[in-house]
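**Student:** So you can see what is in the structure, the chains are spelled out below.
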Amino acid sequence: MEKSKVHALLKRVREINPLIHNITNIVVANFSANGLLALGASPVMADAVEEVDEMAKSADAVVLNMGTLNRESLEAMIVAGKSANEQGVPVILDPVGVGATSYRTEAASKLINEVKCSIIRGNAAEIANLIGEKWAIKGVDAGNGNGDVFALSMAAAKKLKTVVVVTGKEDIISDGQSTNSVQNGHFILTKVTGTGCLLSAIVGAFAAVENNYLDAATAALVFYGVAAEIAANKTDEQGPGSFQIEFLNQLSLVSSSEIDLYGSFHTK
Amino acid sequence: MEKSKVHALLKRVREINPLIHNITNIVVANFSANGLLALGASPVMADAVEEVDEMAKSADAVVLNMGTLNRESLEAMIVAGKSANEQGVPVILDPVGVGATSYRTEAASKLINEVKCSIIRGNAAEIANLIGEKWAIKGVDAGNGNGDVFALSMAAAKKLKTVVVVTGKEDIISDGQSTNSVQNGHFILTKVTGTGCLLSAIVGAFAAVENNYLDAATAALVFYGVAAEIAANKTDEQGPGSFQIEFLNQLSLVSSSEIDLYGSFHTK
Amino acid sequence: MEKSKVHALLKRVREINPLIHNITNIVVANFSANGLLALGASPVMADAVEEVDEMAKSADAVVLNMGTLNRESLEAMIVAGKSANEQGVPVILDPVGVGATSYRTEAASKLINEVKCSIIRGNAAEIANLIGEKWAIKGVDAGNGNGDVFALSMAAAKKLKTVVVVTGKEDIISDGQSTNSVQNGHFILTKVTGTGCLLSAIVGAFAAVENNYLDAATAALVFYGVAAEIAANKTDEQGPGSFQIEFLNQLSLVSSSEIDLYGSFHTK
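First to last, the protein sequences are chains Z, Y and F.
Note that our numbering numbers the first sequence so that position 261 is 261, with each residue one more than the last.
Note that our numbering numbers the second sequence so that position 149 is 149, with each residue one more than the last.
Note that our numbering numbers the third sequence so that position 90 is 90, with each residue one more than the last.
Hints listed in this document are in silico derivations from the structure and should not be mistaken for laboratory results.
For chains that are exact copies, the list does not tell them apart, and a pair is met inside one copy or across any two.
Straight-line alpha carbon distances no greater than 27 Å define the calculated DSSO-like cross-link-like pairs of lysine-lysine that follow: (1) Lys191 to Lys234; (2) Lys268 to Lys3; (3) Lys158 to Lys169; (4) Lys191 to Lys5.
All values reported here derive from a predicted model rather than from experimental measurement.
With these hints in hand, go ahead and build the complete structure from the sequences.
**Tutor:** Structure below.
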């Protein structure tokens with residue numbers, strides 16, 4: 001993929017304003033909606049089981065986030081996911097905290113058995129736990145596993161027959177055959193809650209306009225990482241509060257020329 | 001209505017600190033509470049069906065928001081609304097996303113049949129769908145309907161026997177006989193999630209201190225729009241993150257003289 | 001307690017990054033998570049009854065917040081609290097709005113009967129209502145009771161056999177025998193929603209690294225109050241939006257020397 005494709009997809013998102021249906025958690029719902037709006041997408045957060053079938057059908061992408069999962073939201077995710085599958089709407093799964101409790105691990109299994117996901121994004125611990133590999137996890141954060149993230153993403157993509165994104169210091173995206181890496185991003189993202197969740201939502205916005213999901217996810221990660229770098233640079237040493245606000249600003253401002261200047265990704 | 005009435009009501013809200021009971025959604029609960037606090041009102045967000053009857057009774061206004069509606073919250077809204085009706089506490093309804101799914105449309109019907117609302121605030125698509133008129137809707141955002149918003153607000157106010165606020169580029173407020181328009185506000189409000197929901201909550205704060213609801217809603221909209229204009233001006237081209245924060249600042253700062261300077265509304 | 005102990009505990013929190021399991025409300029979940037991250041703790045917000053037992057066991061502290069209580073979250077709090085009790089994990093209770101409705105008062109009774117709390121933090125009205133004393137309450141805010149807060153905290157600590165923190169203009173911490181007072185903090189904290197809830201979460205982070213809970217709570221309050229004072233000073237007259245963001249910054253920045261300079265607390 002060329003950088004020009006990142007521009008082209010970003011431009012398409014900002015022109016089309018795709019409708020992104022999120023079933024997400026009480027911690028990040030506001031931040032995710034504001035991040036999507038800043039980018040130029042249209043968020044909708046409906047999660048009642050009575051309406052998600054209809055809402056998912058009319059969306060351009062559906063993002064399922066397991067952050068504060070419960071019986072009702074799991075049921076709603078399955079209904080919305082199946083509805084999206086029927087209509088050919090891409091489904092992005094963020095398996096937050098899989099491996100932290102057996103409830104989450106079982107819920108994620110159920111979800112990926114019943115819903116065909118286009119892209120799954122998590123940290124190394126979440127993705128490893130999703131395919132039954134051992135990896136330490138602490139709460140909902142990746143522990144200090146020392147595995148080979150390239151091999152992990154490739155194995156997960158093959159096993160789950162989907163595009164898998166493993167985010168960390170370097171981000172790896174694999175469809176089981178090709179694998180991309182993205183070097184953009186910034187450490188301070190780990191000091192703001194919901195930056196992983198928002199990234200999954202933004203991957204959804206790019207998947208809404210590009211059905212090569214390996215490219216869509218890679219472009220989303222480059223865009224997101226560049227926005228974070230610029231925001232971190234502008235709020236240097238002010239702290240995570242200022243970063244969070246400037247990051248929302250940058251999601252609306254990042255331009256093609258900044259992506260050319262700072263974007264860093266490779267195909268392995 | 002004179003501008004002096006806008007001052008007077010704003011002053012009263014800031015002096016009395018009315019208690020505003022919100023049953024709202026996971027996306028905007030924090031922003032709504034912070035906006036009400038900035039204005040000088042006292043927010044409370046209880047939504048358990050076991051306690052909303054008692055909470056609504058002790059409130060100065062009750063605001064019902066359908067953003068992430070489900071079975072439990074709908075039941076709670078009806079209980080709280082009826083309790084408010086019995087005590088003469090004004091009820092404000094924000095029918096978020098009515099028309100986007102049939103579940104929402106039916107829930108809104110049920111609500112307005114069982115609860116007497118003092119003021120209903122929505123965008124043109126939501127208000128049109130509420131009274132069974134056709135208007136395109138995309139997710140929870142107003143689509144590009146081309147109807148006559150003046151006629152719509154008047155018709156809705158007559159049919160629903162309440163004050164109706166239709167917000168958009170120009171805001172229209174009607175009680176079915178008199179109709180006001182407000183020219184204040186700013187486009188960037190559409191780039192921050194929950195600005196419509198917070199507006200409904202702030203309409204509630206003004207309705208808590210003025211039982212001429214046409215005046216109360218008009219004053220709230222002028223105040224809100226002026227705060228947005230000043231905030232947009234101060235954060236010119238910084239982006240929606242900075243605007244959101246400065247907007248909260250301005251809700252606490254806007255003064256009578258700024259309302260005199262920038263306030264713009266008319267009676268038709 | 002010496003100021004050096006405040007430093008030492010703050011340093012320990014920032015080194016250990018304790019995992020704080022919060023069962024909290026839709027209004028403050030995001031702000032609480034961001035505040036804990038800024039401090040250097042690891043928040044996790046799981047609240048499904050199916051997993052809180054397991055999550056609480058693996059946490060370094062459990063924080064139960066009654067802000068938007070309902071049947072499910074009350075059940076989850078009891079399960080998580082009992083699980084923490086079995087493992088010797090400290091439990092912090094924030095009885096938001098106790099006394100505002102009989103449902104909340106009864107729920108709080110049930111909670112403190114079934115779960116052994118290490119620290120309970122509330123405003124004067126909440127703590128008074130918790131032990132059956134009369135104190136005016138308005139929504140979820142402390143009313144204008146005129147009682148003796150020192151006597152109240154001592155009485156509550158004795159009756160509830162726990163450390164009790166009563167926050168207000170001056171904060172009082174008592175274990176029923178010794179009582180500390182903290183003079184730090186700032187009025188503008190009352191203009192940002194969830195500052196009490198976040199404080200309870202941060203008390204949890206300090207309790208995770210110090211099992212003298214009187215000291216842990218006192219240190220947390222001094223740290224929090226100093227951060228608020230610095231943030232208020234830096235955003236002087238800008239408004240509550242700017243304060244909120246700078247406060248998150250300061251939670252990550254406050255240093256030992258600032259605690260030496262501004263920290264103010266006494267033992268009675």
